[in-house]
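If you read the protein sequences in the order shown, they are chains P and R.
Each residue of the first sequence is one higher than the last, beginning at 1 in my numbering.
Each residue of the second sequence is one higher than the last, beginning at 249 in my numbering.
A few of these clues could be false.
Over the 12 Å line for every Cβ pair with chain R, so calculated as not near, a few chain P residues [what the hints assert, rightly or not]:
hint : residue
1    : A19
2    : D104
3    : M108
4    : L112
5    : L122
6    : V140
7    : A157
8    : E168
Here are the simulated distance ranges between beta carbons [as the list claims (entries may be wrong)]:
hint : chain 1 : residue 1 : chain 2 : residue 2 : range
9    : P       : G32       : R       : F259      : 37 to 47 Å
10   : P       : Q95       : R       : G307      : 47 to 57 Å
11   : P       : D90       : R       : V251      : 54 to 64 Å
12   : R       : T315      : P       : E91       : 53 to 63 Å
13   : P       : L20       : R       : N314      : 14 to 24 Å
14   : P       : V238      : R       : N314      : 43 to 53 Å
15   : R       : R250      : P       : E91       : 18 to 28 Å
Read the hints as simulated data drawn from the structure, not as lab findings.
Please read these numbers as outputs of a predicted model, since none were measured by experiment.
By construction, the Cβ of each residue, glycine as well, lies at the ideal position given by its N, Cα and C atoms.
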Amino acid sequence: MTRRARIALFVVAGGCTAALLVLGVLDLPHFGSSFHPYRDASLAAAVAHKTSNVISSVNFDLRALDTLGEETILLASVIGVTVLLRPAEDEHEHQPVGEGRLLDSTRMVGYLFLPITVMIGLLTVAHGAVTPGGGFQGGVVVGTGIHLLYVAGSYRALERARPVGLAELGEAVGAGAFACMGIAGALAASSFLGNVLPLGAFGDLFSSGSVLFLSVAVGVEVASAVVVLLAQFLHQAVEVTGEEKEAA
Amino acid sequence: MRVYAYLVAVFVLLVGAFGIVRSRNLVHAVVCLSIAQSATYVMLLAIGYQSKATPPVFGSPATKPNTSTVEPLVQAMTLTDIVVSATVTALLLAVAVQVHKRHGTVDPNELAALRG
């Protein structure tokens, strides 16, 4: 199909889709209205399980099975990227030469913010059940925080400090811990991923039972996923060179 | 005003789709897909919004739970959505790298023929 035909087709199809969607949204409850039945139900459930962050309660308690599925998507895509980005037969790896030129200020900011970022990430994971945050958000902060080493100019330092082997293990341990918690819930609380741990007091760090545990498991998995994914892409960009492709 | 936020979501979705259709570069197409997907964030958060409501987080030390908060369910779904979007983007970019290696181009228009 030519480019022009494709765009013409899109204009027709996109117009129909737009009309349908606009007709649909006109009948939705008004923006900013106070009609939120799911809110009322999930607030009550979160308070009953002593979880002061209701969003974490939804993710790791009420709809924890959904999060297990999502975690599996994450695991699958990490495996997919790892498989896709293996060096091919006609490629060879080389040690990156030189470190390039870098402003001292950039380097300083990188090294200064590395520990701060990783610490904030860990705090976000640990307080996932009580304050805004949780395993997903904190995991991303930890995983990317480590890569400030690369921004600060040294791929070799990143290679030394970056625990790729540990991250691959963490990926499996995070997913496994989540599933084990689910089985523990099935055995002890009569439902898969049921809340089996002591609930604690509303608003305490160690409250909300299994929400905290699952949040940490997800945090480990997400941080590991970010490290493994970026390791694959950086390896591809910095260390792998292919033969010049002959024009086929 | 009452449906304005929803219309923004519809607009972002269509702009992302249009970007994919007229894309000349697979990386560009992947970014457009991310844009189309971010329409769902706008949609979900708009549905969950309530005027003059507080966040559904009661903090540490805890404040007394009240029922005048925005919808936590759609916020949790948005979080799920963002994570899936990020991982799918990573996977698609890896595919784009492979396509470039195999075919020497990232222009979808030149990738019409299947090759082994």
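The hints, checked one at a time:
| no. | hint | result |
| --- | --- | --- |
| 1 | A19 | violated (10 Å) |
| 2 | D104 | holds (32 Å) |
| 3 | M108 | holds (29 Å) |
| 4 | L112 | holds (26 Å) |
| 5 | L122 | holds (16 Å) |
| 6 | V140 | violated (8 Å) |
| 7 | A157 | holds (24 Å) |
| 8 | E168 | holds (16 Å) |
| 9 | P/G32 to R/F259: 37 to 47 Å | violated (19 Å) |
| 10 | P/Q95 to R/G307: 47 to 57 Å | holds (50 Å) |
| 11 | P/D90 to R/V251: 54 to 64 Å | holds (55 Å) |
| 12 | R/T315 to P/E91: 53 to 63 Å | holds (59 Å) |
| 13 | P/L20 to R/N314: 14 to 24 Å | violated (38 Å) |
| 14 | P/V238 to R/N314: 43 to 53 Å | holds (52 Å) |
| 15 | R/R250 to P/E91: 18 to 28 Å | violated (56 Å) |
Violated hints for the displayed structure, listed by number in ascending order: 1, 6, 9, 13, 15.
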